[in-house]
Amino acid sequence: MVETRSRNGWVIWLSLVLALLLSVAPMPAFLEAGRPLWLALFLTYWALALPHRVGMVAAWLFGLFADVLYGSLLGQNALVLMLTTFFVLTLHQRLRLFPLWQQSLVLLVLFGIPQLVQLWLFALAGNRPPEALQFLYPVLISALLWPWVHTLLRGLRVRLQVN
Amino acid sequence: MGDAVIKPLFVKGPSLGVRLLVLTVLSVSLMVVDARFDTLKPLRSQIGLLATPLYWLADLPTRLWQDMTQSISSRSELLAENEKLKAEALLLQRRLQKLAALTEQNVRLRELLNSAELVDEQVLVSELIGVDPNPFTQRVIIDKGSKDGVSLGMPVLDARGLMGQVVEVMPYSARVLLLTDATHGIPVQVNRNGLRAIANGTGNPGLIELRHVADTADIKEGDLLVSSGLGQRFPAGYPVAVVKEVVRDSGQPFAIVRAEPTAALSRSRYLLLVFSDQRTPEQRATDSAEAQEAADRDAAARQEAAAPPPAVAPAPAAPAATGENRNGRN
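Chains as they are written, first to last, in our numbering: chain A, 1 to 163; chain B, 1 to 330.
To be clear, the hints were calculated from the coordinates, so they are not data collected in a lab.
Among the hints, a few may not be true.
Simulated restraints on C-beta separations [unchecked claim]:
{"no.": "1", "chain 1": "A", "residue 1": "Leu124", "chain 2": "B", "residue 2": "Thr39", "range": "14 to 24 Å"}
{"no.": "2", "chain 1": "B", "residue 1": "Gly237", "chain 2": "A", "residue 2": "Trp120", "range": "37 to 47 Å"}
{"no.": "3", "chain 1": "B", "residue 1": "Glu260", "chain 2": "A", "residue 2": "Trp120", "range": "29 to 39 Å"}
{"no.": "4", "chain 1": "A", "residue 1": "Leu108", "chain 2": "B", "residue 2": "Ser266", "range": "25 to 35 Å"}
{"no.": "5", "chain 1": "A", "residue 1": "Leu133", "chain 2": "B", "residue 2": "Gln93", "range": "46 to 56 Å"}
{"no.": "6", "chain 1": "B", "residue 1": "Arg160", "chain 2": "A", "residue 2": "Leu97", "range": "57 to 67 Å"}
{"no.": "7", "chain 1": "B", "residue 1": "His212", "chain 2": "A", "residue 2": "Gly155", "range": "54 to 64 Å"}
{"no.": "8", "chain 1": "A", "residue 1": "Arg159", "chain 2": "B", "residue 2": "Gln122", "range": "50 to 60 Å"}
{"no.": "9", "chain 1": "A", "residue 1": "Leu124", "chain 2": "B", "residue 2": "Leu207", "range": "22 to 32 Å"}
{"no.": "10", "chain 1": "A", "residue 1": "Ala33", "chain 2": "B", "residue 2": "Glu260", "range": "20 to 30 Å"}
{"no.": "11", "chain 1": "B", "residue 1": "Ser266", "chain 2": "A", "residue 2": "Val109", "range": "31 to 41 Å"}
{"no.": "12", "chain 1": "A", "residue 1": "Leu108", "chain 2": "B", "residue 2": "Arg75", "range": "53 to 63 Å"}
{"no.": "13", "chain 1": "B", "residue 1": "Gly237", "chain 2": "A", "residue 2": "Trp13", "range": "45 to 55 Å"}
{"no.": "14", "chain 1": "A", "residue 1": "His52", "chain 2": "B", "residue 2": "Leu21", "range": "13 to 23 Å"}
Glycine included, each C-beta is placed from N, C-alpha and C at the ideal position.
Sequences and hints are given; from them, build the entire structure.
Here it is as structure tokens:
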């Protein structure tokens, strides 16, 4: 078996920390409802590009940290992000062949299902769930952002030869 | 070179399905434990140590922007603000003079009732460092934590009224649930006539609702709601909200009362944490009675020492002693 040496792994973890930062950055109130799922977007990119580095366990651990950060039940975001990564890894071979716009469409579903789970858990934890389909706005925005995130992170990965 | 880039496609640990199962079970059990028991609280608070700098960093651009605008705001603006603040200080001082007399009276009445001497609560100033990213909850993060003496359930207020309470304590930061969160309720009373009610959050920033107010209750638009102190979580007498509308629909069992919080929930940057009295009313009464007794004894002893011939009978000496003691304290 060929030995693969990991290079510049810190880029991955730094970008994920940046995603965490973006997910709590202050925003105007009217944009708050559509805050992109930064962590899910970044995790999806790394899981697609380097599945041997970033997998479900990494997603779960970052989700756990996100739970502490957001003050939700410990394990809630962990479960949701782990689920997203699971879908991405399951569809990995197919997703990589798709053009970017088609990937965006698939991600609409891949982010949507965990977001539904998120909504259940939110209601189970004793909160009043939103009335309309508001919780799907972030999914839509994230899918629209995907081509840009993909291009940006890909540029970063190629330039720094992250492996 | 070519070999080095080939990824070992078939070297995998447990399959995806197994991982999914294990991690799901782990997540669910973590959630159940976190929701039902307190065992994970220390762990949370320790990971929270890492979360505080992240919130601080996320808030940095806003703070830098504010500092910048402050440093380049023009001289005339500053002068105008200074004028305004002076006028405000004057007004407040006038009110304070009146307050001093009222406080005095309050202390005296409380002494008469033999109840707690507590009038001024101890407060701690803290700064907002983050807002909950979830749009369906109303929570904020402040920069004081358990190291500063913050504890669970502590009331939080700003210059204009009550804001909420602490729901999670980390070493250097704490999470505050605002009045307007859908899961928050606070016992209030109408300042005008003392009518009691529970004010629940609606999830809408800037709106709270009074629950189970009778259709015939004397409550109207513009009434100030203050905390009633029942439930012993919030100190009594702080302004909470102003009634915005009262809908009396004869088809509904209760009147619908909507109110606007007086605190600037989405604008305040500096918050006050109130160290409220954790004792029960009975304990407080016992404590104050004991304190009173001790003071009486002390004064009596002093009087005895001061006046060599014990001409006065011991029975009337006690009230006289309290009077003297009070004068001494004031």
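Here is what the structure says about each hint:
{"no.": "1", "hint": "A:Leu124 with B:Thr39: 14 to 24 Å", "result": "20 Å, holds"}
{"no.": "2", "hint": "B:Gly237 with A:Trp120: 37 to 47 Å", "result": "41 Å, holds"}
{"no.": "3", "hint": "B:Glu260 with A:Trp120: 29 to 39 Å", "result": "32 Å, holds"}
{"no.": "4", "hint": "A:Leu108 with B:Ser266: 25 to 35 Å", "result": "31 Å, holds"}
{"no.": "5", "hint": "A:Leu133 with B:Gln93: 46 to 56 Å", "result": "54 Å, holds"}
{"no.": "6", "hint": "B:Arg160 with A:Leu97: 57 to 67 Å", "result": "59 Å, holds"}
{"no.": "7", "hint": "B:His212 with A:Gly155: 54 to 64 Å", "result": "59 Å, holds"}
{"no.": "8", "hint": "A:Arg159 with B:Gln122: 50 to 60 Å", "result": "56 Å, holds"}
{"no.": "9", "hint": "A:Leu124 with B:Leu207: 22 to 32 Å", "result": "25 Å, holds"}
{"no.": "10", "hint": "A:Ala33 with B:Glu260: 20 to 30 Å", "result": "22 Å, holds"}
{"no.": "11", "hint": "B:Ser266 with A:Val109: 31 to 41 Å", "result": "34 Å, holds"}
{"no.": "12", "hint": "A:Leu108 with B:Arg75: 53 to 63 Å", "result": "54 Å, holds"}
{"no.": "13", "hint": "B:Gly237 with A:Trp13: 45 to 55 Å", "result": "51 Å, holds"}
{"no.": "14", "hint": "A:His52 with B:Leu21: 13 to 23 Å", "result": "21 Å, holds"}
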